[in-house]
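Fit chain B to the given chain A structure using the hints.
Number of protein chains: 2
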Amino acid sequence: MTKIDVFAHVLPTDFYNRMQKFDDNLLAKNSYLQNDVLTDIAKRKSGLDSDVKQVISNVNSNPEDYTDAKTSAELCRLANDELISMVQDNDMFIAAVGMLPMNSISDALDIIDEQIAKNKEMIGVQLFTRALNKPIISEEYQPVFSKLNELNIPIWLHPVFDETRTDNNIVFSWEYELTQTMYDIVKKGFFEKYPDLKIIVHHAGAMVSFFSQRIKHIMSPTEYNDFKKFYVDTALLGNTKALELTVDFFGIEHVLFGTDAPFGIIPYGATNEIISAIDYMTIPNYQKDMIYHKNFENIQ
Amino acid sequence: MTKIDVFAHVLPTDFYNRMQKFDDNLLAKNSYLQNDVLTDIAKRKSGLDSDVKQVISNVNSNPEDYTDAKTSAELCRLANDELISMVQDNDMFIAAVGMLPMNSISDALDIIDEQIAKNKEMIGVQLFTRALNKPIISEEYQPVFSKLNELNIPIWLHPVFDETRTDNNIVFSWEYELTQTMYDIVKKGFFEKYPDLKIIVHHAGAMVSFFSQRIKHIMSPTEYNDFKKFYVDTALLGNTKALELTVDFFGIEHVLFGTDAPFGIIPYGATNEIISAIDYMTIPNYQKDMIYHKNFENIQ
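Heads up: the sequence lines are chains A and B, in that order. In terms of numbering that gives the first Met the number 0, the first sequence opens at residue 0 and continues consecutively. In terms of numbering that gives the first Met the number 0, the second sequence opens at residue 0 and continues consecutively.
You can trust all of the hints, since none of them are fake.
Lysine-lysine pairs mimicking DSSO-like chemistry, simulated, CA-CA at most 27 Å apart:
hint	chain 1	residue 1	chain 2	residue 2
1	A	K28	B	K187
2	B	K287	A	K215
3	B	K28	A	K187
4	B	K28	A	K186
5	A	K44	B	K215
6	B	K28	A	K215
7	B	K119	B	K197
8	A	K197	A	K133
9	A	K42	B	K215
10	B	K69	B	K117
These aren't lab readings, by the way, just hints derived from the structure by calculation.
Chain A with its partners taken away, still in its complex shape:
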């Protein structure tokens, strides 16, 4: 069965070489970049079953954290072109998710029009829970949401740490940041303001399905209902019961196979563990088909 991994990361080589010029220690400071499966596509392919196809997005490494608006925009365009080429050149990649320079919203809007909307290889944009350590729901970033809503282009939502905090850890804080952004999106009424917004949330929607009845009894019925509008992936490194809970809350149409490859389990990622966890789910096979590829085909 074809399996489309909607949340797989790469590091486009030309883009990376440019980024390194801003900081010699880029690699040393960000240990997660020290994985050659991010850049070595032949090695990546050798570790992956042939029925798995990936939708690629850039690994967490954003020009706006290193350079000015003009250069950031230039680098995002470069990265997006490279991602498009990677899809064209490798049959294991079936689509790409673009980057936006969040320190230059006018460029971000142009990139959506020029690179995202016009290339069939580009099917969405990746946004992080914060840009320049400001919440992604901040007023200044909202033109991006508005434009994506207007053009019906989905968002891939990825966590980053709040750098002002001292208790950050990749096990739980990471997931809390993702959850709080979902909370803010709902609280700010984004789904009412931008009714065609499609947001694919990493890590199975983080804390939402486990605490769904807190949402129900503490927040409003509209807010509870808005949480169900998110789409989520399956990137929990396994955990069949958690995936069943995820489907229980978000609904089978809103759960898409996604692994966070090559992260989680060194060096290729947790693709096999996640497939195994989905295969063990007590749902009918046609619903597994929906998770593995049909929901993705419907979201585009």
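Relative to chain A, chain B alone:
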């Protein structure tokens, strides 16, 4: 079937009257205290099925946040005596969990010896994730853990907000604080230092079971195993699938019926919703018995 709710809150009246003297606006500032089911036992009883018995603990309202060490100790002793009387006077209460003054550790240790260990009505102590806004795992609080380990007295672990934060909300931050304390307890090696420690964590162990495979693949095997040593309650306001996931991770022996009554659903709490969620779980009846009372009987 007898059902023992291990996590139910009350507000002992004499204690409350004393606390009000420190702050006229205690009630106004803490809206969760504005629920007469906390103090009115007859009303409480009228809202509860007769097969449900409660283990009572004081609602989140701690003298150390309002007064000095000596007065805090005096107030905790008063509250504990009152909790004991409430158990003696009401057959719906089968045991109580004591309070400790965390601004006077020597008094806390005395109270454990004199009130907790010596009264059959007192079966444990409630600790909050922070005391005086310092993490409960701080060095200065460790004599309490050491003593409880030595006497084999269980801890009821309850969340509080980190007051230095600006993004607190009762839906998710509350659960994050609880999770981070579990993380700190494991990271600090409490289960190795205090091998007989029994900790009953509110809200089904918060984020742990949903993200168990992150723990497994990011932390050490010892740390992963230590997370399984926590006991947890069922206070999720329902959510059968989440409870199944909880049992899947913590093991059936470590899940105890607990509701957070009278909180969650106004005015009596979510007792019926949680019973209904447990009844729908796809586990055999003898395992439901374990959740409802046998695990509690074994933990004492």
